[in-house]
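**Q** Residues per chain are reported as follows:
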Amino acid sequence: MPSWKSQRMSKDDMLATVDLLLAEARRVSHLTVDPTLKREVVSYCNETLAGLKAAKKATEDDSARNRLLAAELAVMGASAEMQMWQHLEDGDCEGAWGCLVEAEDAVHAAGIAHVDGSAYQVDAQRRLMLEGTLFPPQVFMSTGMIVERDSCSICSAPYDECDHVKGRAYGGELCTRNIEQAKMLEVSIVEHPSDRRCRVTNFDGFDTMTLAKEQPANQVTQG
Amino acid sequence: MAETTDYIDVAKRASELGLQLPEGVVFLPRGFATVTTAGELLNESDAIDLVKLLRAEGVTAGMTTLGGQNLPSISEHDILVHLPVVLLQAVSPTAVALMVDVLGNYVYALIAGVFDKPRVKVEVVVQKKPGTYKSVRYEGSIEGLSELRDAILEVAKDE
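Chains as they are written, first to last, in our numbering: chain A, 247 to 469; chain B, 47 to 205.
Keep in mind that the hints are not guaranteed to be accurate.
Calculated pairs, BS3-like style, for lysine-lysine (alpha carbon to alpha carbon, straight line, at most 25 Å) [unchecked claim]:
#1 K459(A) to K303(A)
#2 K167(B) to K203(B)
#3 K412(A) to K167(B)
#4 K459(A) to K429(A)
#5 K98(B) to K412(A)
#6 K174(B) to K58(B)
Computed Cβ-Cβ distance ranges for the label pairs, DEER-style [what the hints assert, rightly or not]:
#7 A143(B) to G341(A): 43 to 49 Å
#8 D259(A) to A143(B): 38 to 44 Å
#9 G190(B) to V279(A): 39 to 45 Å
#10 G64(B) to M455(A): 48 to 54 Å
#11 S402(A) to R165(B): 32 to 38 Å
Since the hints were made in silico from the structure, they are not lab data. Glycine included, each C-beta is placed from N, C-alpha and C at the ideal position.
Just chain B, with the same shape it has in the complex (with noise of 0.2 Å):
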């Protein structure tokens, strides 16, 4: 089921960090609305591999830089799938389809034969205008990710 929130103005709280967003589909790092200090952020390991998928399929995708250079990543051995905070800024209704595509195909290839029934976890920020953001979060079956494209297509249109 997906669920619609208030989230913290992104781009405020990047320059207070000092990182720089790419433009489009951006991973946030893990603990992005919470460390005090830029040094504390790390980079989910399963970004890396979805930034690379989205652009594959010619969707504009990165991760947020600290002075031009990529954020450490972290990498932890359960099969869980950590999936970072996905921003979309200014993304058209295909690239939201495509990367909760991605994100399900995704997913599927990394735990399909481990669970009967896997699941699927993650929280998506839409920026609405400069400085208003909206976070869709979404827990449930990869078959029902289409809940979270449509949450998404919601919050995006809604004015």
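Chain A on its own, in the form it takes in the complex (with noise of 0.2 Å):
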């Protein structure tokens, strides 16, 4: 993989760079490949994303930042892919769903973030494979709730008075609305959550992620 930090690239450079990644990171997000290819993964990873945030941060044309930005998100995805199998070496299925949830979220990102971002898309549908075939289906959660204060994150105003709209890009960073204030009205199990890490983790005394019966606190033996 070519060295972010032995070169200056143009953006097309970088772009084209992202997506050698990217391959890479598909090559090796199989459960039999070496965990040490996808901690190398990682570490590329993690170089690219600073070299995509400094780039950004060079350039004033909002569009390229934008197109940045959602390189940046597929990036990100493709980490987070890469430490859901360290987790699940690690026997962490907690954290390892975490991951995934992170990868999906940022990948969709990307597509809504920059129209060239809807390339990072063929990583979606791999992604939901690899949830349904990696963990058992689970029940999530959803609150209710009327807004009482919110703001802008790319502009600080109350959200209904700017043009801004949450989930897109303005100048490379995505924008959402910061809610500050609510009364909670309810909290009901859905299908669909906005959040997939609002999840019922137990029920009737069994792990939702590892359909184990759990021990009751008092009887929790020290190992």
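Hey, can you piece these two chains together into the complex? The hints should help.
**A** Right, here's the structure in full:
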């Protein structure tokens, strides 16, 4: 893999390097592949992210910044996917689930950040398949609330008073609606939550990830 | 498939509730047709984004207000898009086409990659003349939204 530290790259060269990195991530993203190779990809991802952030800062062009942001999100997704495998090797199912959700969300955001980011959607379907193969079906939670005070992450104005739209990219940053004060209405069980980390973790004494019966706290023995 | 039915007199209902209706494309609050008092009304969270996106396309759009203030909005953290009821008042065919495109792109951006076959459910109320309103309901694929556009245009010209 080309090193970001050793050379100054044009934006196009950077994006081509990102494509190579993502191809390598796909190549090693299998259960039987040597964990060292996955760790190497994470290391390349970190280096690449630093390069993309620096390039984003250096350019004045909003569209170019958004394009670099889309690449950044795709690389974040690849890194999270590699880390999912590391968590699984360590027997940390919760951590693995969190990384997979992060990877799925990142590639989705990349597709919205810039029109060219839709090319990264090729990983979305693959990650959905990984989810269905590696983890049992989960039950999710969703909150409903009345927003009393909010703001836009781009301009800090109340969200309904500015022109920025949440999830879209502006000058290389994703817009979010920051809910600062809200009244809780309800918590529901839903099939498709906006945050799939909000899930039922235990049902009737069983861990919903491992499906193993959990020991009551007073029966847990020290090993 | 798009289905057309009669709808309540929106202007009269808004007046009963003390609401102000802006011009053009208006996103009606949840419970508009059913609540007892305006205090129960809530704007759908998606309405704010849709107003911004339509205005960016040059379409006059807004939300109902109460005493000049926006109604509180509801935020629900599931990915199903709670599209608000859309009211069209004296809107041109071009604006109708833009509105349908904006709706489709908005839903697609939210749920692409999450569902194999994303579906959308939306109700559009068309003002035919003062006091007369028709509702066009559509449920189906994003690609099929052209049916909604055609049904709205049909209702708008049908006298």
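**Q** Now tell me if each hint is right for this structure.
**A** Here is what the structure says about each hint:
1. Taking the CA atoms of K459(A) and K303(A), the gap is near 50 Å; set against the 25 Å cutoff, the hint is violated.
2. Only pairs whose Cα atoms come within 25 Å are accepted, and K167(B) paired with K203(B) is accepted, the gap being roughly 23 Å.
3. Distance check on the hinted pair: K412(A) and K167(B) sit about 21 Å apart at the alpha-carbon level, within 25 Å; holds.
4. For a cut-off of 25 Å, the pair hint linking K459(A) to K429(A) is broken: about 36 Å separates their Cα positions.
5. Among the hinted pairs, K98(B) with K412(A) is consistent with the structure: their alpha-carbon atoms are about 10 Å apart, no more than 25 Å.
6. In summary, the hint linking K174(B) to K58(B) is supported, as the alpha carbons are separated by about 14 Å, within the 25 Å threshold.
7. The hint said 43 to 49 Å for the Cβ distance between A143(B) and G341(A), and at roughly 48 Å that hint holds.
8. At roughly 41 Å, the beta-carbon separation of D259(A) and A143(B) lies within the given 38 to 44 Å, and the hint holds.
9. Between G190(B) and V279(A) the C-beta distance comes to about 42 Å, which sits within the given range of 39 to 45 Å.
10. Look at G64(B) against M455(A): about 51 Å separates their beta carbons, and that is inside 48 to 54 Å.
11. For the pair S402(A) and R165(B), the supplied restraint of 32 to 38 Å holds, since their beta-carbon distance comes to about 36 Å.
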